[in-house]
Amino acid sequence: MKTSARNELSGKITNIINGAVMSEVKITVSPEVTISATVTKDGIESLGAKLNDNITAIIKASSIIITKDAVKTTARNVLKGKVVEVIKGAVNSEVKLSLGTSVISAIVTNDAIEDLSIKASEEAYAIFKASSVILIA
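So the sequence shown is numbered by the numbering used here: it starts at 1 and just counts up by one.
Hints were generated in silico from the structure; no laboratory data involved. Honestly, I wouldn't trust all of these hints.
DSS-like cross-link-like pairs, simulated, lysine-lysine; straight-line CA separation at most 25 Å [said to hold, decoys possible]:
{"id": "1", "residue 1": "K119", "residue 2": "K72"}
{"id": "2", "residue 1": "K80", "residue 2": "K60"}
{"id": "3", "residue 1": "K2", "residue 2": "K60"}
Note that the structure is a prediction, hence the values are computed from the model and not measured.
Starting from the given sequences, assemble the full structure and let the hints guide the process.
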């Protein structure tokens, strides 16, 4: 399956917490990176996803917030990494963040790049909600 999403991270399902309507799924992408996804219980069932299954998490780059400081937030995914590249456009920039063996991309405004002084080789955090993650089995 091809998508336009910039971020496709494959890993293993390490936990599933089923609720009445929604389920929380933990995906271990690497020893350094675990992603939380919330999907409907029906969605999990239609994927046939089970503990220890391989799965791919898709996150749109525009759903990711970049910060230079660790912050407490309601977003379940706060991933520390290192900026490997900043690609400037006319209005927005793409920030590529290395998370160990994975790379995640975020689209942010040029103003935000300047305000936070985001540069390659500096540490930063990628933040996104569990509900922003789409799972593909």
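Legend entry - Violated constraints from the hint list, given by number and in increasing order: none
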